[in-house]
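> Residue strings, one per chain:
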Amino acid sequence: MSRLGTDPILSIQDLDVKFTTSEGEVHILRQVSLDIERGSFLCIVGESGCGKSVTVHSVVQLLPENGEITGGRVLFTVDGRDQEISSMSRYGAQIRGIRGARIGMIFQDTMSSLNPAHKVGRQVAENLHQHRKISRREARELVVKMFSRLGIPDAERRVDAYPHEFSGGMRQRVMIAMAMICDPDLLIADEPTTALDVTIQAQIMELLKTLQQEAGKTVVLITHNMGLVSEVADDVAVMYLGRVVEHGSREQVLKNPQHPYTQALLQSVPFMGMDPNVPLRTIAGQTPSPASVTDGCEFAGRCPYVQDRCLTGKIAFRQAADGHVARCVLLDEDGMSECSRRDDARVEDSSGQEART
Amino acid sequence: MITFLIRRILILVPMALLISMLIFFAIRLSPVDPILYMVPPDAANDPANLERLRESLGLNAPLPIQYLRWLGNMVTGDFGYSISSGQRISDILALRLPATLELVGLAMLLSTTIALSLGLFAGAKPGGIADKLARTIAVIGIAVPDFFFGIALLQIFSYRLGWLPAGGRMLPGQITFLDRLPQLVLPVAALTFGMLAVLIRYTRNSVLDTMGKEFVKTARSKGVPEWKVLYGHVFRNSLGPVMVILAFRLPLLVGGSVLIETIFRWPGIGHTVVSAVSSSDYPVIMVTSMLIALMILFASFLIDVVKSILDPRVRLS
Chain C
617 MSRLGTDPIL SIQDLDVKFT TSEGEVHILR QVSLDIERGS FLCIVGESGC
667 GKSVTVHSVV QLLPENGEIT GGRVLFTVDG RDQEISSMSR YGAQIRGIRG
717 ARIGMIFQDT MSSLNPAHKV GRQVAENLHQ HRKISRREAR ELVVKMFSRL
767 GIPDAERRVD AYPHEFSGGM RQRVMIAMAM ICDPDLLIAD EPTTALDVTI
817 QAQIMELLKT LQQEAGKTVV LITHNMGLVS EVADDVAVMY LGRVVEHGSR
867 EQVLKNPQHP YTQALLQSVP FMGMDPNVPL RTIAGQTPSP ASVTDGCEFA
917 GRCPYVQDRC LTGKIAFRQA ADGHVARCVL LDEDGMSECS RRDDARVEDS
967 SGQEART
Chain D
3 MITFLIRRIL ILVPMALLIS MLIFFAIRLS PVDPILYMVP PDAANDPANL
53 ERLRESLGLN APLPIQYLRW LGNMVTGDFG YSISSGQRIS DILALRLPAT
103 LELVGLAMLL STTIALSLGL FAGAKPGGIA DKLARTIAVI GIAVPDFFFG
153 IALLQIFSYR LGWLPAGGRM LPGQITFLDR LPQLVLPVAA LTFGMLAVLI
203 RYTRNSVLDT MGKEFVKTAR SKGVPEWKVL YGHVFRNSLG PVMVILAFRL
253 PLLVGGSVLI ETIFRWPGIG HTVVSAVSSS DYPVIMVTSM LIALMILFAS
303 FLIDVVKSIL DPRVRLS
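Going down the list, the protein sequences come from chains C and D. Per this note's numbering, the first sequence starts with residue 617, numbered consecutively. Per this note's numbering, the second sequence starts with residue 3, numbered consecutively.
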């Protein structure tokens, strides 16, 4: 059972992804299920290597050569038509008709994500030429318009500049222009602000939020910055070791986290006004290698509430509240987990917990 | 861009001068007296004759003066005379250079075309058919010296099968380029094969490297088909290292390939250089080394220009 959505634009169902490495096959994604509501702003959070990027890359069939979707499916729904992306071939015409046109991608490292040898205008226009019959001049006009709309000053002249002639923030705007130019329904941003400083980061986030709210785009943002999540997200999905462990609205996940991992993650975020003498909480133990966890709950090894029934079998999603699910056995039928009840007691003795969310 | 070019050209002049000095003075350091090669042995017995000859040839002038005279002559196109044959060096060059240009030029053109296309497909799909072919050619090409390959070609196609002539450049009555084509096939094939190996490896690895770059993923995320990704994004960005190898082969155009020329009795410049060295024909050695050195200078200039065209980031510095 995944979180119930009324009108998902993208539905990821029990997605399995395996990578072939020199040490054999590694199961990177296990039964990842996510419904992404049309017009919403979803943040996928989790530590490095938890499979956030792999998830969104498999959504557009852009996994590296050694990665492969081995199970489950990805449904993309536009204009009332379901398209099963997971069954399309990697470089085939079908998926290419979706990439760039219906789903725009924004990547993290703008310096290496833009071709250093081509002018930025040409790189943005390439997307247009790919999906529409359009003259060079028309394309250029559209690019200039998009540049000004996204706040790139002197757009008329800047379309003829090369990527290295832009600052990091402006390059990210170019990337966004590239993703936006064909007016896609879904924007996927893979840690778009990690390489940028805080003020630029805020500007880019504001831009993405505006695009969602005013242009009606669905935005999926991958990040490990919890501060960002609390500012922009409508929905939050938490991933750990190749699985979605919790999914709900921003309030639900941040204010009332159900999965022990989400709770631990939130407690390890420093916040303004916290007591500098109290050591920051960390999650005990190390993240295990994806290959080592084959059965039971992937967080069991580090979970303070671990029980026998966590160690074997498939742990299914349990509903905590309307639209709020977590993959934890401690969630009771009444929608309140034992661990969060226990955690309430813990929260009370660490003051300032409320201010964080 | 234009100031960049002018600056690069201006740097070439002092470098060319420095090289000419090196060549001139290094040759003068040699203990062999070239005058002894010029005169008949009976005339050499008389020191007064030799002295007179030295005086008239300007060999008694101070070295810097001699250098300036030589340089002046070189610049005005007067390359002097070969000591051993007495021919004008410019005549020798006019005779030999076209033969070498023809052989080496064709081989470079062929090897570049083959290596770039095969390397592109090999790098785009490592482990595929093109990659296997490329790796086989590269290993054989590096392991087998090109003179051996040349001899093998001669054995098979000329002596055994009799399909192609064994060597030489022109036969009587052969006027047009097409007439001479049969003689060209084997030496060009041998030279091409030798040049292929390194270039294929470089292209393949460079393409493979570029394929892993983030902007390739960006291009794919726009829905661009693979052939366009390869041609429009990967190829151009992979050419840099390949161009360096190519450019430094340009000197072969004026230096020739001694072994291949010898095997196929090709009257190229490589021949001339070797015989000049063995007979201490200093004027010829100086002119040919100068030519090769200038070609190397030109090649490095070309690399800068091509790189700045390929990568706009270079234009800044």
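Simulated from the structure, these hints should not be mistaken for lab results. Every value quoted in this text rests on a predicted model; they were computed, and no experiment measured them. Any given hint could turn out to be false.
20 angstroms max Cα-Cα, derived PhoX-like pairs, lysine-lysine [unchecked claim]: (1) C:735 x D:219; (2) D:215 x D:309; (3) D:127 x C:735; (4) D:230 x D:134; (5) C:735 x C:761; (6) D:309 x C:761; (7) D:230 x D:219; (8) C:749 x C:761; (9) C:930 x D:127; (10) D:215 x C:749; (11) C:871 x C:634; (12) D:230 x D:215; (13) D:127 x D:230; (14) D:219 x D:127.
> Against which earlier hints does the structure fall short, listed by number upward?
Per hint list: 3, 4, 6, 9, 10, 11 violated.
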